[in-house]
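Q: Starting from the given sequences, assemble the full structure and let the hints guide the process.
1 is the number of the first residue of the sequence shown in UniProt numbering; add one for each residue after it.
Among the hints, erroneous ones may be present.
What the hints assert, rightly or not - Here are the simulated DSS-like pairs of lysine-lysine, each with C-alpha atoms no more than 27 Å apart in a straight line: (1) 230 to 243; (2) 243 to 277; (3) 277 to 230.
If you are wondering where the hints come from, they were derived from the structure by calculation, not from laboratory data. These numbers come from a predicted model, not from an experiment.
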Amino acid sequence: MLQGFMNLLSLCWKPFGHEKGNQGANGVLGGGGSSGGSKEGKDGLLWYRDIGKYGSGDFSMAVIQANQVLEDQSQIESGQYGTFVGIYDGHGGPETARYVCDHLFKHFRGSSLWRRSCSYVGVLRLCVYAAIAAESQGVVTAETIQRAFRQTEEGFTTLVSESWSTRPNMATVGTCCLVGVIHQQTLFIANLGDSRVVLGKKVGNTGGIAALQLSTEHNADIAAIRQELKELHPDDPQIVVLKHGVWRVKGIIQVSRSIGDVYMKHARYNREPINGKFRLPEPMNMPILSANPTIISHDLQPNDSFLIFASDGLWEHL
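A: Now the structure itself:
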């Protein structure tokens, strides 16, 4: 979780290089006010950074590599007109999360004119973006965020198509995608999958903090998501299957929305030579998974103290 929040500073963070592997737990914590310098360190499979600065306040960050191959990425972009945070919790391999880290923010910037300056702090690449002209500030809306997600999904699908003859199992790689954008005192949250962002709010004058979840999760373990899938696929009695005590879409995957996983979105990729465990026994007449994010906006208030962005690997232990 802390990994994602560090990204508020515009980094595509690859703390363990480009090695392949299984997912870990990422997280980022950000808030207003600050103190002191920052400290970073590594302890076995744990990497952390205590306090850093970004355009809207401070952040801290941590990641635990849970499997042999790190499949996750996180990103922070900060500049004069806002801050962008991304948590990309990959599955099936690291390729989709890396692709999203490299392309989603670029699509979000769109056609605006920006000047970028980058520096390195340890393993972090920190970039600051400033508009070249005032008229290029642009406007952040749910539509501009949704467009960036769509362009990223289309780009990765094209990559799968181009790689099909040599790397067909790229079709089975995907990532959850949690994004936060702070622009002119408005926080936008966009989510695919089961990562989560929680807002900490001051309560009264006692110093107490109330936690408020801002994101919507897309996991078949949630009854409302199972109902949504059944309504979208009324003729498929196997759209959600309870397998070894866990609800899964088609008995294969827990999340109902993602970037990538094109084998569950396009019939032409659900065939040999991909691994047999991903191939469906019946024809696919429509996409089963979606890349359409749930987007909400929140007007930031003086009593909003901090945000925690994290993959499910953190929340399931709390």
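Q: Check the hint pairing residue 243 with residue 277 against an upper bound of 27 Å on the C-alpha distance.
A: Distance ~14 Å between residue 243 and residue 277 Cα, so the pair holds.
Q: Does residue 230 sit within 27 Å of residue 277, going by the straight-line distance between their CA atoms?
A: holds (22 Å)
Q: Below or equal to 27 Å on CA atoms is what counts here, so check residue 230 against residue 243.
A: holds (17 Å)
The structure meets every hint from the earlier list without exception.
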